[in-house]
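**Q** Assemble the complex: chain A is given as a structure, and chains B, C and D must be docked to it using the hints.
4 protein chains.
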Amino acid sequence: MDSLLQKIYKDISPLIGQGKVADYIPALGAVDSNQFGIAICSNDGEIYTLGDAHKPFSIQSISKVFNLILALELKGEELWTRIGREPSGLPFNSIVQLEYEHGIPKNPFINAGALVVSDVNQSHFASPRIAVREFVKKLSGNPNIQIDKVVADSEFEHKARNASMAYLMQSYGNFNNDVESVLYSYFCNCAITMSCVDLAKAINFLANRGYSNIKKKQVLTKNQTRQVNSLLATSGMYDEAGSFAYKVGLPGKSGVGGGIIAIVPGQFSICVWSPALNDAGNSLAGGAALESMTKHIGWSIY
Amino acid sequence: MDSLLQKIYKDISPLIGQGKVADYIPALGAVDSNQFGIAICSNDGEIYTLGDAHKPFSIQSISKVFNLILALELKGEELWTRIGREPSGLPFNSIVQLEYEHGIPKNPFINAGALVVSDVNQSHFASPRIAVREFVKKLSGNPNIQIDKVVADSEFEHKARNASMAYLMQSYGNFNNDVESVLYSYFCNCAITMSCVDLAKAINFLANRGYSNIKKKQVLTKNQTRQVNSLLATSGMYDEAGSFAYKVGLPGKSGVGGGIIAIVPGQFSICVWSPALNDAGNSLAGGAALESMTKHIGWSIY
Amino acid sequence: MDSLLQKIYKDISPLIGQGKVADYIPALGAVDSNQFGIAICSNDGEIYTLGDAHKPFSIQSISKVFNLILALELKGEELWTRIGREPSGLPFNSIVQLEYEHGIPKNPFINAGALVVSDVNQSHFASPRIAVREFVKKLSGNPNIQIDKVVADSEFEHKARNASMAYLMQSYGNFNNDVESVLYSYFCNCAITMSCVDLAKAINFLANRGYSNIKKKQVLTKNQTRQVNSLLATSGMYDEAGSFAYKVGLPGKSGVGGGIIAIVPGQFSICVWSPALNDAGNSLAGGAALESMTKHIGWSIY
Amino acid sequence: MDSLLQKIYKDISPLIGQGKVADYIPALGAVDSNQFGIAICSNDGEIYTLGDAHKPFSIQSISKVFNLILALELKGEELWTRIGREPSGLPFNSIVQLEYEHGIPKNPFINAGALVVSDVNQSHFASPRIAVREFVKKLSGNPNIQIDKVVADSEFEHKARNASMAYLMQSYGNFNNDVESVLYSYFCNCAITMSCVDLAKAINFLANRGYSNIKKKQVLTKNQTRQVNSLLATSGMYDEAGSFAYKVGLPGKSGVGGGIIAIVPGQFSICVWSPALNDAGNSLAGGAALESMTKHIGWSIY
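Line order of the protein sequences matches chains A, B, C and D.
Sequential numbering of the first sequence, starting at 1, is according to this note's numbering.
Sequential numbering of the second sequence, starting at 1, is according to this note's numbering.
Sequential numbering of the third sequence, starting at 1, is according to this note's numbering.
Sequential numbering of the fourth sequence, starting at 1, is according to this note's numbering.
Chain A with its partners taken away, still in its complex shape (with noise of 0.2 Å):
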């Protein structure tokens, strides 16, 4: 694995602080492009990492992973009458489906998906702002995990367009809590700040048919586990989760803070960083680093 990640280093590191980091609020704006770290958690409980792996950075989207799960948990297949599972076709933050489609986002992690899964879990959390912040200590064995309250608070100043798509789901029935209420448990769940480390051990239940080493503790079952990485494989990468198929072939989910998370079932997890992102969002030399570690696995799940 060490020497694994060396090959893939070697690939990429040309690319690193290729890109632009996000910059629609300072504080991510603010970040070092030039940080790449990779860390990789086996079934068996190995972690091995190169680089910047045990810097925490912001989570953004990946945190939609959690969320869902958490809902999953809630209620099962019930879920699904509230939200699609099916790739979307447009940029993450498109409201034009979300009017064609009455109210219902396309899936889960989509920027409208993940704001029904928020309002799921506001109805059900006594305090629903961190839910998602004690569910990642247990699952990456980390303690210390916190929300970022600047990132958090200058997200929800920046909420605009989040708050247009709530408020329309609202007006189609499809949103129960106050709007602003979950708009801020959401921008917490995104603020939360983790490591590569972090990342791929909270994630490992993924790729071990649902089981947590860490958590010592069956997540979801077998079926349940394959279904969020059919999820994650089929609409985990915006509008790019195509050409992610084609080219790394794995599940996997982005967030604009640089971080990729990719699932190897039956073997290992993955999490990738680097701040600087592409034109569709992701994560530049995170995308290339996976890409390459699939061409020298010689693997994919298809």
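Every clue listed holds true.
A pair counts as met if it fits within one copy or between any two copies, since identical chains are not told apart.
Keeping only pairs whose Cα atoms sit at most 30 Å apart, straight-line, the calculated DSSO-like set for lysine-lysine is:
{"hint": "1", "residue 1": "K222", "residue 2": "K7"}
{"hint": "2", "residue 1": "K75", "residue 2": "K247"}
{"hint": "3", "residue 1": "K217", "residue 2": "K137"}
{"hint": "4", "residue 1": "K7", "residue 2": "K295"}
{"hint": "5", "residue 1": "K215", "residue 2": "K247"}
{"hint": "6", "residue 1": "K137", "residue 2": "K159"}
{"hint": "7", "residue 1": "K295", "residue 2": "K217"}
{"hint": "8", "residue 1": "K295", "residue 2": "K75"}
{"hint": "9", "residue 1": "K247", "residue 2": "K295"}
{"hint": "10", "residue 1": "K222", "residue 2": "K295"}
{"hint": "11", "residue 1": "K216", "residue 2": "K295"}
{"hint": "12", "residue 1": "K75", "residue 2": "K217"}
{"hint": "13", "residue 1": "K10", "residue 2": "K222"}
{"hint": "14", "residue 1": "K295", "residue 2": "K55"}
{"hint": "15", "residue 1": "K222", "residue 2": "K247"}
{"hint": "16", "residue 1": "K75", "residue 2": "K159"}
{"hint": "17", "residue 1": "K247", "residue 2": "K10"}
{"hint": "18", "residue 1": "K247", "residue 2": "K216"}
Note that these hints are calculated values from the structure, not bench results.
**A** Showing chains B, C and D alone in chain A's frame:
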């Protein structure tokens, strides 16, 4: 395997005949809806069948897979300058997206994308109307495969919507040949009749890392094979691709004739057929059979 | 004139009560659908009435006309950098177009456009919630015009769709004030109650080259008056603007309370009211009355 | 009148040649952009001209007016089951709306609507390709009006987008004749060449309550005339209809050849011509000339 087929049949036999046979052209509408066949072709060349597995049917959109493979052999990666690799999120014949994307179809399995693929093949083959038929004869080892001219001519008579898409792409500079000629070639491909056995054999190379045991030849490289499977997984089932991934978890492609092919990479290929369709235009009993199969084998790609 | 009103009434009396009273909020749904009133205010100041012409009703979207005139007085031509002057071709509350046009609404009479106008007025008036009410008191010469708080509060409770549009515009930088405050001002304007007589008097200046006989003052220049009338003619009747021009041929504006105002330039202003609406949300009997009127006077602007 | 024309010319002469001549076909692109003509035809038959008023040019979309009048004579109100009467709010050749509205174009002056009108005329006339030419010969009193075959053939070669729209309407059952034949008739109508004088005379009946002083005949009833004028006012200027109403305030129709006709009901008809177009595809100097005219006469329909 034979006992697997029996278990599947037991699960889904109440569904046979449920749904609605495609009837936009008379030749398809006349098919008896109470038919069901299934054929598995293992990577070591064994064939397992049940029901009407030897009965030829109209392969319709399944032809898009063969059409694509021919064009990939001709053009390689250059093909993707004219077609995307992303799921569409909209019905297979939507024209909105085509205008929004300035004439570049989202993927090769929606109608617009298959028409561009046909246009590519039209530019190259001496007899474009029969190029796919000759290709599937060799892939399946069955020299008697035919084009149903009644179906092809009837589709051509009802060409209006496909003609509209082709002309729209031409208006954006993404169509090189005479629209009517390409449409007729395209309809001839859709009107090929094959049995479940023919199809399971013809696509086995996709389960076998690109090598065809029938043709005794590498059809695609190992890497290209993974790429085609990824496209099938993200875009093969129209606007049900996500649900199909969620429930079945295999690369697959359906046709309105009631056939569905699917790939279990490294193991076997499978074809099911039952003419009555669900609301999304996919075989109702066929989809259920594949869902039953992955449940019984306890395996999917995810 | 009185005989004209009698002829109109004879033509349309069978239609009174046909259609459906707006019921998206309870306060509007409770209105008796069998009411009909009509008032004409000639440019020399004469008032002609028939039926329930003195009964106050909820002016709803007719308030958009007064809202616009206030903003035009403040901003002049500069207003058109934030709103278009084109018919929308889509329902009054469509959000698709707003995304397509990057937050610039098509015209000031669709909801999104009226919200931008309200945002402009919110930035200027000390008491924006009552600015329009004070304006119409002076224009109509009736100091007793009220805002129905039950209606305003009920609209605010059902604000989701309008909130969605306002936030979407904010996300594009085309909304300056707090969304909730502007929405409440907007709903207060819609909840003004006026009678046919009040409205016919209040808008007479649009028939009288900008001069109000009631206020004894030039409200708009002659040229601005023509411009406002042109906007009413092309965009005043939601997605029925073209049909209304075809059948009636006058600048007009409707509200879901069942009122319609219309302008006969150089001659008189008119207001009809009947609460039951057609499918496009315009008063069914009211629209028929205006059609009857232009037939009897043998005159339209075209 | 002559002094009015002089004033207009003084106002707009700096604009002549500004903008861009249509160049999607070579025959139009070759026209000298520094030309300007204007002709007024009063209801008592007087002609007033300035500049290149006698020079024939390609009438292009202005032909849609004559095309519509022929179809209205044939079908009357029944025509509106196949075409709407609403402004489109989108560019003249948008295909999105056509899918959204299931093949019913918004109005007879966008391309899709004009194609349906052409389809209606195709079903009736023995020589549909010349029906409009014969009609305008009589209306203008000029027997020498020609179809420019070079232009018609060149348009036909570039037919892709119009073909796409026609086939889409056919797929919805709203197109009865062979697509290619109707397209050729349509392009022949667009390729008619007329001068400002020809056009001002030909449309004078629209200013004269339906009666043509040239043909000495009632072409449309008084009521139909008003209706056609209302359609011109709400939909005659593509997606600039609202701005044209706001600035000019007259029913009008433009063509990409640089001509614009306009109607002053009860008084006169006017045609301006200058080949260079603004971004919306309307003659830049021509639009300015009409705006100058209504300013000088202090009158518009609103």
